[in-house]
Amino acid sequence: MTTAPTLVLADAPSGTALPQLRYDVSATTVVLGALATRDWRPMHHDKDFAVNRNGTQDIFLNTPNQAAWFERYLTDWTGPHGRLGSITFRMRGSVFPGDTMVFTGEVTETSIDEAGVGWAHVSMALSVNGEIKTTAAATVALPTTNDDNPWQRRGDAWRP
Amino acid sequence: MTQGLTPLPEHLEVALVAHGGDPVAAASTMLGVPQYTTAGDFPVEMGYVWSSLASTENGNPLYWDAAVSDELTEGPIAPPSMISVWFRPHHWAPGRSEVALPLQVHFDLKSLFGLPEAVMTDNTITFYDPVRPGDLLTTHQVLTSISEEKTTKLGTGRFWVIEVVYNNQDGALVGIESYTGFGYKREEAR
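So the protein sequences, as listed, match chains A and B.
Its first residue numbered 83, the first sequence is counted upward by one per residue in our numbering.
Its first residue numbered 141, the second sequence is counted upward by one per residue in our numbering.
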């Protein structure tokens, strides 16, 4: 079996908008995300602690699980050939049960490095009710041709 | 000990005494120094991978379809964004009397400065070789900066940046994670 790339670099020029993703957050979302990332801190499962100790309105999504959400958002778009090089994110506000997360993204630049890796630079945001809660910037390697596979690169051929 | 703070480790108690009780000077002894080199408690395993995928409803066939992972990645791998999961200790283990804390340098700084609350504000992860089931990762933590005292809507405290470097059992670099934390006191607690 040969899996054809969902997306190659030429399909993602600067200015390309990623499809929007909406997701309704529940307490289960927050707790499952915390436990899946082995984050046992009480503000991610104990509402009383979150409200009375942290001063937040409820339990809230933890950092590693937000990383997983952004990865899911990116690879929904790239398909399995897409290989993350780096991701930076900044949390401006917390995401609580009852919120609807809306992920948006745009390709800000593309490049091919000296090793031949094709990179899409993507700017993303997680918003709730139009308010940006987290911003993220990622580099993701995309195949430059239908025969290219970024996952095969090792050592000096992979320079994230 | 202030509520929410862990005991100061011995090396920081020594640094604090050596610097006349000045926490800024004591913290500066940590800058750029690899600390807490730790091997993971357990190997990378697909159970946690699938829990993470379920938590985000991530259907990437790379993680669900062995034929796809055999073709693209020469066998199963873990999602890159899960890298920090593999060094987070379990909540309990035989013989351990206290809850183990990930990112210990962060908790050391909270204790050193007497800041009972903290949030993470920025997180950067750079991904190198793929992490695979069965891998046993080793990490170390490096404090790279500490800010002056600052006041935000949360309270008054300090920002700090900590890097976590991950290698696999063969010594290959698999990732570097950089965290910016803000330790603070809520205004009514001051």
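Possibly wrong hints are sitting among the right ones.
Stated by the list, open to error - Calculated from the model, a selection of chain A residues having no Cβ within reach of chain B, i.e. all distances over 10 Å:
id, residue
1, L114
2, E153
3, G180
Claimed, not checked - Subject to a maximum C-alpha distance of 20 Å in a straight line, what follows is the list of computed EDC-like cross-link-like pairs (lysine to aspartate or glutamate):
id, chain 1, residue 1, chain 2, residue 2
4, B, K290, B, E327
5, B, K293, B, D262
6, B, K325, B, E289
7, B, K293, A, E213
8, B, K293, A, D106
9, B, K290, B, D310
10, B, K290, B, D162
11, A, K129, B, E257
12, A, K129, A, D106
13, B, K325, A, D130
14, B, K325, B, E257
15, B, K325, B, D162
Simulated from the structure, these hints should not be mistaken for lab results.
Nothing here was measured: the structure is a model prediction, and the numbers come from that model.
Cβ atoms here follow ideal geometry from the backbone N, Cα and C, with glycine treated the same way.
Verification of the supplied hints:
1. With a least CB separation of 4 Å from chain B, L114(A) falls inside the 10 Å interface cut-off, contrary to its annotation.
2. Non-interface call for E153(A) relative to chain B: violated, since the shortest CB-CB distance, roughly 4 Å, does not exceed 10 Å.
3. Interface exclusion of G180(A) from chain B stands, the closest Cβ pair being 17 Å apart, more than 10 Å.
4. Simply put, K290(B) and E327(B) have alpha-carbon atoms about 12 Å apart, close enough for the 20 Å limit, and the pair holds.
5. Taking the CA atoms of K293(B) and D262(B), the gap is about 17 Å. The hint holds against a cut of 20 Å.
6. Proximity of K325(B) to E289(B) is assessed by CA-CA distance (about 11 Å); at most 20 Å being required, the pair is judged to hold.
7. Only pairs whose Cα atoms come within 20 Å are accepted, and K293(B) paired with E213(A) is accepted, the gap being roughly 17 Å.
8. With a CA separation close to 27 Å, the supplied pair K293(B) and D106(A) exceeds the 20 Å bound.
9. Between the alpha carbons of K290(B) and D310(B) the distance comes to roughly 42 Å, so the proposed pair goes past 20 Å and is violated.
10. Between the alpha carbons of K290(B) and D162(B) the distance comes to roughly 18 Å, so the proposed pair stays at or under 20 Å and holds.
11. For a cut-off of 20 Å, the pair hint linking K129(A) to E257(B) stands: about 16 Å separates their Cα positions.
12. Pair hint K129(A) plus D106(A) holds up; C-alpha atoms about 18 Å apart against a cutoff of 20 Å.
13. This hinted pair checks out: K325(B) and D130(A) have alpha carbons roughly 19 Å apart, not beyond 20 Å.
14. Taking the CA atoms of K325(B) and E257(B), the gap is near 6 Å; set against the 20 Å cutoff, the hint holds.
15. Note on K325(B) and D162(B): the hinted pairing holds, with a Cα-Cα distance of about 18 Å set against a maximum of 20 Å.
Of the numbered hints given earlier, the model fails hints 1, 2, 8, 9; all others are met.
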